[in-house]
Each structure stands twice: as structure tokens, then as C-alpha cells.
Amino acid sequence: MAQHLCAKLIAGYDLPDETKHWILMALREALANAIKHGNAQDLGKRVHLEMEVRDDTLHIRVRDEGTGFDPSAVADPLAPENRLKTSGRGIFYMKTFMDDVAFRQMDGGGMEIVLSKKLLGPKQKEEKGR
Amino acid sequence: MKTSVREGKGGVQILDLKGKITIGSGDVQLRETINKLVDEGKKNILINMQDVTTIDSSGIGELVGCYTSVTNKGGKLKLLHLPPKINDVLTVTQLITVFDVYESESEAVASFAA
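Chains as they are written, first to last, in my numbering: chain A, 45 to 174; chain B, 4 to 117.
Derived from the structure by calculation, the hints contain no laboratory data. Possibly wrong hints are sitting among the right ones.
[As the list claims (entries may be wrong)] Here are the simulated SDA-like cross-link-like pairs (lysine to any residue), alpha carbons at most 20 Å apart as the crow flies:
(1) A:LYS129 to B:GLU35
(2) B:LYS88 to A:GLN47
(3) A:LYS129 to B:ARG9
[To be verified] The following label-pair restraints were derived from C-beta to C-beta distances:
(4) A:ALA123 to B:ASP42: 29 to 35 Å
(5) A:HIS92 to B:ASP54: 54 to 60 Å
(6) A:ARG148 to B:ASP103: 38 to 44 Å
For every residue, glycine included, the Cβ atom is placed at its ideal position computed from N, Cα and C.
Can you make the complete structure from the sequences, with help from the hints?
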């Protein structure tokens, strides 16, 4: 459902299929992170999702209801000692496939991840402005 | 995800995967299938990824876990026919250097005897 809505939101932009694929993967990773790590798979907790396109940039907000975590403490999956670990790649993929990934510890509890991706390159912006 | 196992030359187990390897959809199934083969003493495993449509970090984690599990038992786990996007996902995390990847099934099966 979330992927379908996101795909509809960006459908009007002439993005390569590959870019669309990576955006949807980043969305899935953010949702999975919120369910698995944020809410610790507690069925009583919800995941909040907001998506909007503003100034030709896609913003995806995913908020969990967990106790939060320190994103800087997540081990680097590229470090040789971590390469064969079975987890710890979700945030890395989000950062790789989106332009910006921001984390915010919410006052009332939970962590919010905001993924952003520019949908127009400079040339396309120029053409749109004509 | 659908899985089926066939046996190649030299007893190599060829695991054909079809569909998604994502959180809650195929990731655990992959682990259970590999563990069953290893428990049966079948330790040379070739995973055919040709019909895998989507993978996420959980699926990648399971692939890595299976690789470690098979290797620790003295076996070998290799990959066949990686779709381009899965190749990209393995490349950015430098896991492509961990796995032996083949484009030809006969070459892949023969490599286990080397």
C-alpha cells in the first residue's frame, strides 16, 4: 500500500525506472526499520507514514512509537569486521539511495526518519520553468 | 517466495528461488531451506537468483547468514544469475566480493569440484 501510494506520488516525474526502484526500496527499509527496530515488532504500536512532494523534492516521514535509538551508534556495514553481520544495512541503503536521511527523536517518544529525494535535475528544472 | 531444489553434477544442490526475499516474505524461508540442506549433509549449494524480483536488507542479511552457516559447516554457497538490481545492492555493501557469482550454471556447478 505505502509503495503503491509513493509510486503514484512520483508518477508525474520523468525519473529513470531504476531511481523509482531505489526510492521504493528506501521506503521499505524505513518502514521495516520502524516495525522491527523502532517498535520492536510490538503489534500494539503503530508506524506513522507521511509522504509529500514539495519543491520537486519527495519527502517521506516514517515515525515509530518505540524508545528510539542512536543512529550514529549503528555499526558501519562496510567495515571488514561487520561485513558478514546479518543485520545493520537498512540505514545504509536508505542513505545510499536517497539524497538526505534525517533522524529525529520525538518528544513524546519514538523516532522519526525523514527521507528526501530531489525529483528534478537542474536541466529538468530549467525546462519546467519555461 | 517459492523455492525448489534440484541436484546437479557432483551432488551440488541447486536452489531455485522465485519472488521476493524481504522481511516477513521469504527471508526466513530461505534460511530454513538452507539449514535443512546442511542438516542433510548437503553442503555444496548454488542459489539461482534469476527469478528473484525484490530483495531488502533483511533478505541480504539472510543470504549472508546462510553463507556463514554453510561455510562454517565446511561447505560452499555460491550465487547464480544475479539480476542487475540485486547485483547493485550487493555491490554497494561490498558483499559482491564475499560471494562467488556465476552467469553459467554449468560453470558454477563445475566450480564446486575445484
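Between HIS92 of chain A and ASP54 of chain B, does the C-beta distance stay in 54 to 60 Å? violated, 35 Å
Pair hint LYS129 of chain A and ARG9 of chain B, alpha-carbon separation not exceeding 20 Å: Between LYS129 of chain A and ARG9 of chain B the Cα gap is close to 29 Å, so the pair fails against 20 Å, i.e. violated.
At the C-beta level, are ALA123 of chain A and ASP42 of chain B separated by a distance inside 29 to 35 Å? Given a distance of about 32 Å, which is inside 29 to 35 Å, the answer is holds.
Does the Cβ distance between ARG148 of chain A and ASP103 of chain B fall inside 38 to 44 Å? holds, 42 Å
Against the 20 Å threshold, does the CA-CA distance of LYS129 of chain A and GLU35 of chain B hold or violate the hint? holds, 18 Å
LYS88 of chain B and GLN47 of chain A were given as a pair; does the straight-line alpha-carbon distance stay at or below 20 Å? Cα-Cα ~17 Å, so holds.
Taken one by one, the earlier hints fail for this structure at numbers 3, 5, listed in ascending order.
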